[in-house]
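A.B. asks: If you want the building blocks of each chain, they are given just below.
Protein chains: 2
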Amino acid sequence: MNDKPFFTPQCPSPERDEGLITLAHGGGGLLTRRLIDDVFRPAFAHNAEDLTHDGAVLEVGDTRLAFTTDSYVVKPLFFPGGDIGSMAVYGTVNDLAMCGAKPLYLSAGMVIEEGFALADLRRVVASMSRAAQVAGVRLVTGDTKVVERGKGDGIYITTSGVGQVRAPRPVAPAQIREGDAIILSGDIARHGMAVMAAREDFGFENDIASDCAPLAEPVLAMLDGEIDLHCLRDLTRGGLGTALVEIAVDGGCDLQVARSAIPVSDTVRGACEILGIDPIFVANEGRYIAIVPGGQAGSALAIMQRFEKHAAVIGEVGRPQQTGQASLTTMGGDYVLDLPTGEQLPRIC
Amino acid sequence: MNDKPFFTPQCPSPERDEGLITLAHGGGGLLTRRLIDDVFRPAFAHNAEDLTHDGAVLEVGDTRLAFTTDSYVVKPLFFPGGDIGSMAVYGTVNDLAMCGAKPLYLSAGMVIEEGFALADLRRVVASMSRAAQVAGVRLVTGDTKVVERGKGDGIYITTSGVGQVRAPRPVAPAQIREGDAIILSGDIARHGMAVMAAREDFGFENDIASDCAPLAEPVLAMLDGEIDLHCLRDLTRGGLGTALVEIAVDGGCDLQVARSAIPVSDTVRGACEILGIDPIFVANEGRYIAIVPGGQAGSALAIMQRFEKHAAVIGEVGRPQQTGQASLTTMGGDYVLDLPTGEQLPRIC
Chain H
-11 MNDKPFFTPQ CPSPERDEGL ITLAHGGGGL LTRRLIDDVF RPAFAHNAED
39 LTHDGAVLEV GDTRLAFTTD SYVVKPLFFP GGDIGSMAVY GTVNDLAMCG
89 AKPLYLSAGM VIEEGFALAD LRRVVASMSR AAQVAGVRLV TGDTKVVERG
139 KGDGIYITTS GVGQVRAPRP VAPAQIREGD AIILSGDIAR HGMAVMAARE
189 DFGFENDIAS DCAPLAEPVL AMLDGEIDLH CLRDLTRGGL GTALVEIAVD
239 GGCDLQVARS AIPVSDTVRG ACEILGIDPI FVANEGRYIA IVPGGQAGSA
289 LAIMQRFEKH AAVIGEVGRP QQTGQASLTT MGGDYVLDLP TGEQLPRIC
Chain B
-11 MNDKPFFTPQ CPSPERDEGL ITLAHGGGGL LTRRLIDDVF RPAFAHNAED
39 LTHDGAVLEV GDTRLAFTTD SYVVKPLFFP GGDIGSMAVY GTVNDLAMCG
89 AKPLYLSAGM VIEEGFALAD LRRVVASMSR AAQVAGVRLV TGDTKVVERG
139 KGDGIYITTS GVGQVRAPRP VAPAQIREGD AIILSGDIAR HGMAVMAARE
189 DFGFENDIAS DCAPLAEPVL AMLDGEIDLH CLRDLTRGGL GTALVEIAVD
239 GGCDLQVARS AIPVSDTVRG ACEILGIDPI FVANEGRYIA IVPGGQAGSA
289 LAIMQRFEKH AAVIGEVGRP QQTGQASLTT MGGDYVLDLP TGEQLPRIC
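First to last, the protein sequences are chains H and B. Read in order, the letters of the first sequence are residues -11 to 337 in this note's numbering. Read in order, the letters of the second sequence are residues -11 to 337 in this note's numbering.
Mixed in with the good hints there might be a few duds.
You can't tell identical chains apart in this list, so a pair holds if it fits in one copy or across any two.
Stated by the list, open to error - Below, simulated EDC-like cross-link-like pairs (lysine to aspartate or glutamate); rule was C-alpha separation at most 20 Å, straight line:
| hint | residue 1 | residue 2 |
| --- | --- | --- |
| 1 | 63 | 322 |
| 2 | 63 | 188 |
| 3 | 63 | 136 |
| 4 | 63 | 108 |
By construction, these hints were calculated from the structure, which means they are not laboratory data. Values in this document were obtained by computation on a predicted structure and should not be read as measured data.
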C-alpha cells in the first residue's frame, strides 16, 4: 500500500458551484470547516473558542456543564456493529466525553419519512434504549416530526447531550504543548468501511463491524488516574487525519505521527486498498486520540489499553507555530496532511 | 361560524396501514400521543412523569436544569412573521420557559439537502442569530449534515436548549387544582394560518403574520410576581384544543373553557371559515396558557397583558376525575374536546 495519503474516490469537485450546498459541505473536511468559519461562527460565536469543538463547556449556577449536539443521517440505517440508534446515542455521549465530562442526559429529535416502517422505528428505539443503558445516560426528552415521502430517507436523528465536566482544566487544542504524546485509542477505519460494505452500490462485502462504542469510561478513568488531559478528540467524520490537522491548526503546534504506529486491521487495510482509500481519513465511531504530557504517556496508555488493547502512542506534539501542521512520517518520508476537500462517503454518520 | 369543534380538511385516514408512519403521527394529535405512549415511553421513561412534557427538569450538581429539544421541518421555510430559523430558536426557548426556566443556551443540528442555496442558509442563520439575541440566549454548539438531493427539503433544524429552573415548585399538569384559572396569552391560530396562506397549494392569500415570539419574559415576570404557576403549555402543534385535552388527561381534572372568551382576530377567523378549520386546533408559535390559582387570576392576567393585550381568562379547572376531560362551552351547549385524529396541515412547525 502506498504510504502517502490519498483520498480517492471522492464526489465530483465540491466547489463547482459556490452558491449551493454540496455533499462535501457535510463531509467534515475543508468545506465543512469553511461553512463553520464563514457562515456559523460570524453569526453565533462570542469568542474565538466558541464553535471550534464538538461540545461547549458552560457555567450554569455552580455547575460546569458540557452541552453538545449531533445529527445522524447514516445510510443504511442498520449496518454490522451498529445502527443509527446506537450511533445517535454513542456519538453524542462521546462528544461529551471529549469535553472531559461525564455524560448524563440525552434528548432526541427525530425527522421520520412518511411510510417508514413502525417495526424499523421500534428497532431503532430499542437500540437507542440499550445504548443509553450501556453508556449510563438517560434519554429524557424528545420530539418527532414526519415529512412527506421523498422529503427524507427513513429517519434522521438529532441527539443532544448534557454532562457534568470532571476535568479540572480545559481540554482543548489550545492546551497542547511541545513534547506531549499523541495516543490513539485503537485500530482505525472500521466504522467507515463497515458502512461502505453495507451499501449495495459499493459492490463488495466483508465482515468488518463498526467500532461504534461509548468512550466516557476510559476518559473518566484517566481523569481518576490524574492524567492531565490536554486535548481529546473523537475520530468521526474525516477520521484521524482530519482530527490531527484541526488540532495542529487550532492548537498552534506541529503534530508528528508515524504511519507505522497506527493500528489498522488486515481486513480493513485490504478493503481500503481495494477502494483506494486512506484509512487515516476514514470515519470511526468509537475511536479517539488523547494528547497528554510526554511524562504521562505510559500511565495514560496503560489505562487506555485496559479498554482497548490496540491503543498506541502514535506521535508527539512538536514546535509551536503560527499555523500548526500535522505530518505523517512514512517509510517514504514525511508528508504534511491536508483537510480532505471532497466527500469520501456521504452519509457515513 | 359553527360553534362545535370541527377539523376538516385533514389528510386521509391515518390508520389505513397500522405498520407505517403517516403524516398524522407527526401532527401532535392522537397518533403522536400513541407513538409516544406505545414506542418511546416504554423504551425511555423511568417514571410516569418522563416524556409527558416538552421539556425535562433535571438535577445536575446543585443546579436544577431544564432541557428540551424540537425538530423543525416547516414548509415553506420563510413565511410572514417568521422563518424556520426564528421558529427553531423561539420554539425551543419557549419549551424551556414552559418548564418555569430561564433559557440560557441552545444547540442546533442542521440536516441540509444538497443543492440548497447558500444565500438561503445565510438568511436562516442570520434569523437564528437575531432571534437568539432577542430571546437572550446563546447558540453554543452545532452540527451540520448534508443529504443527497431528494432526501430532504432544503433544511431541517433541530434545536435543543438548556435553562435554569426558576419556578420554586413543579410546573406540570399534575399540579392543577379545582378552581384554578386558565389564562390564554393572546389571540390564537395566527401561525398556522400564516403558514397555510404561504403555501401555494392552498390558493388563498391574506396578510396574516405568524405569532412566532419568545415567551420567557412574561413567565419570568410572573415568577418574579410570585404567581404560583401550576401549569404552563405553549400552543404549538394541535393548538389550544390539544393542549387542553392533554392537560385534562395528564392532570386528572376536568377543564372548562368558553369559546366566546378565546380571542381570534377577524382575519384569522375568516381564513379559518374559508378552509373549514377550527382555530382552537390550529398551531401557534408565540401563545401559551397559564393555569394558576383562581385567587391569583387577576394579578397573573395583569402581568400577561403587559406583554400581549389580548391575554384573557378563558376558563377554569373543574372536578378531579380519573380521566379528565376538556369541554368547550358554546352558545349551542358544551362539547367535549378530543385529540385530533388526522393531520390538519403537515409541516406546520
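A.B. asks: Regarding residue 63 and residue 322, is the shortest C-alpha distance of 20 Å or less found within a copy, between copies, in both, or in neither?
C.D. replies: neither (35 Å within a copy, 51 Å between copies)
A.B. asks: Measure nothing new, just compare the shortest in-copy and cross-copy C-alpha distances for residue 63 and residue 188 to 20 Å and report within, between, both or neither.
C.D. replies: Close inside one copy (11 Å), not across copies (33 Å); limit 20 Å.
A.B. asks: Checking an output row: residue 63 and residue 108, CA cutoff 20 Å. Within, between, both or neither?
C.D. replies: within (14 Å within a copy, 26 Å between copies)
A.B. asks: Taking 20 Å as the upper bound on the Cα-Cα distance, should residue 63 and residue 136 be classified as within, between, both, or neither?
C.D. replies: both (19 Å within a copy, 11 Å between copies)
The earlier numbered hint that this structure contradicts is number 1, and it is the only one.
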